[in-house]
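S.K.: Chains as they are written, first to last, in the working numbering: chain A, 39 to 403; chain C, 164 to 464.
Misleading hints may appear alongside valid ones.
Restricting the straight-line Cα-Cα distance to at most 30 Å, the calculated cross-link-like pairs of lysine-lysine (DSSO-like) are [what the hints assert, rightly or not]:
| no. | chain 1 | residue 1 | chain 2 | residue 2 |
| --- | --- | --- | --- | --- |
| 1 | A | Lys-144 | C | Lys-352 |
| 2 | C | Lys-369 | A | Lys-166 |
| 3 | A | Lys-112 | C | Lys-369 |
| 4 | A | Lys-112 | C | Lys-352 |
| 5 | A | Lys-112 | C | Lys-353 |
| 6 | C | Lys-352 | A | Lys-166 |
| 7 | C | Lys-369 | C | Lys-353 |
These are calculated hints, taken from the structure and not from any lab test.
So the chains spell out like this:
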Amino acid sequence: MSYLSLAGLSKRYGDFTAVEDFTLDIEQGEFVSLLGPSGCGKTTTLSMIAGFTTPTSGRIEMAGTELSRVPANKRGIGIVFQSYALFPHMTVSENVRFGLDMRRIKGTECTQRVADALELVRMGGFAKRYPRELSGGQRQRVALARALVIRPPLLLLDEPLSNLDAKLREEMQSELRQIQQRVGTTTIMVTHDQSEALSMSDRVVVMRDGRMVQVADPLQTYESPIDAFVSGFVGKTNLLEGRLVADQAGRTMLHLGELRLEIDAASRAAPVSVSLRPEKLRLVPIGQGRLSARVVGRQFAGAAWHYRVETGLGELMVNAPNLGAPSHANGERVDVDWPLAAMHLLDTEPRPLDPANAAGAPDHG
Amino acid sequence: MAEVSSLHKPTANRAPRLRWDARPWLLCGPGAVFFLVMLGVPLVMTVVLSLYGFSYTEGLIETRTLASYREALVDPYFHEIFLRTYALGVGVTLICVVLGAPEAYVISKLRPPWRTICLLAALGPLLVSVIVRTLGWVLLLGNHGLVTEALRFVGLTDRSLMYTHTGMVIALVHVFVPFMVISVWAALKKVDPATEQAALSLGASKFTMLRRVVLPQVLPGILSGSLIVFALTASAFATPAIIGERRLKVAATAIYDEYLSTSNWPLGAALAMILLVLNALVIFAYNRLVERRYRKTLGEA
Ligand SMILES: Nc1ncnc2c1ncn2[C@@H]1O[C@H](COP(=O)(O)OP(=O)(O)OP(=O)(O)O)[C@@H](O)[C@H]1O
Ligand SMILES: [Mg+2]
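Okay, chain A solo, but in the shape it has when bound (with noise of 0.2 Å):
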């Protein structure tokens, strides 16, 4: 029995679908991104769960217990919002300490579970401010502070690191995923950021338009994503249109232009999208690589190079690690190479969801 268990969840504004057919079990423990573009209904799915957006249909159920009649504020969930809602006339100790003070939890434990929440997010110097003295980042810290304190057993993160410097983020990003792995807080968070959500996850959906397009672990989705929207979406990737031919010695092979490959798939005589990913290409001397190319542009990203090329399949994104060595200038001809396991295709249309997969538990992990 899965602790969070999500069945069917809908929501409707009028004519307008928010959220259409959400359905997925998470284990105890577990830690879920929910990965998107704006406007795909990620605050609304957590809305849901928390208990301030009625579903329109579908059931949800935490530990067991069905949540439709269970108000908001007995749920004890801990939220942090996209807005933050910190509470602008208290002070940040006394925002944090909100939670405890409901759970008439006082005194010394009281004052030292404050302190540590602010420790923990490095805003302990700042307990006797009030939010508006404080950055966008300060605040979004108290949020965090203020939905841990209360040791909540499902934590509902909305965007919570999204207006961090990059190192703090980082450092947030390990801490909650420590607090989660030894505490075994069931953590759901919406992020834009998809190194975020592949870095921290147990588990990611990719929404669009209100429905999942794909859950599956953080490799899993990166490696094997479903369709172009979420190859896309996670990661930049290079697209090209093909074709998969069974020829006479009943070999499958994918047409790439002018490329025969042969690869190893069911032979489907269709046309397929082939995903490759620019770091998992490379360019090589002319004569040694599987097309030839012409380098038209290229940006210096410190650890690597980011490369245009001009191929006879269209301009294609080339990252190569920058390892000091000069790299190939604007204009240069070479060749570009890749494994073949490099490659992966991908429906042309998309495919609904396979239930199996939203339904099962991580198999790692």
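Since the structure of chain A is provided, determine the placement of chain C with the ligands on it from the hints.
M.R.: Just chain C with the ligands now, with coordinates in the frame of chain A:
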């Protein structure tokens, strides 16, 4: 490049830094002149008038005397009137808070078409003249009025509420409660509804949420609404004149009587000045208190 550097040169129509800038004064000039002429001049004339002498035989006496002020401040008759005025002010204000603040909150939680409809309904009375509204109450509270008959029917009272404090309070609250609603409404607009959700998610009951999260955030609105209602009640004329008549005089009706019935203009003027100074003091002190309390937390966020 040329455009960029020209940005840093003082242009012809830009005043040098330290020169006295006339524009703000010119802009508020017309308003200030209007204000001075329409308010300042009558005020000065009232002050002058209040210093004249008066006797019932001779009428106005052109002297400089504080006799009227002495009379107004010493006579227990006027003590009672001022006491009644301010007691009404406090009472009406409190009732307006109790009725108006929840009303504004409930309206703000309604769904879109109803929200506007109810807000208009709540503020609608402002579109009708105070006199007309008060005369409406006379119809209800009079000897054979609807309310009186109803009260008689349930046996609560057999006297009409006309010429009573209760009747006056009811009518004044009705007249002034929209100001409280507007004021609280404006404060509620600034409250992030997510703070209410946050309070609930942390385990607060609805009541605790209202008391500890919503109320403190709209308190500035309640306080400024109170100020408006108090000031309006303390200087109200039409409603006390119609419902309270001569039997229950308040400061404004007493002044009216001094001017027009007794023709003791200096005493009327002195009463008016005292009312003005007392009101100004109350408002000023109250404002100071509120400002100091809320500058830090809720200021102009
Ligand atoms: N009260 C409402 N009435 C009508 N439509 C709404 C309401 N609340 C949300 N929506 C719509 O539902 C959709 C999903 O909104 P939601 O806030 O869940 O998006 P989101 O995925 O959280 O986006 P973002 O990443 O920008 O925060 C949006 O298109 C929004 O316009
Ligand atoms: Mg959102």
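S.K.: For a quick check of understanding: which of the numbered hints are violated here, in increasing order?
M.R.: 1
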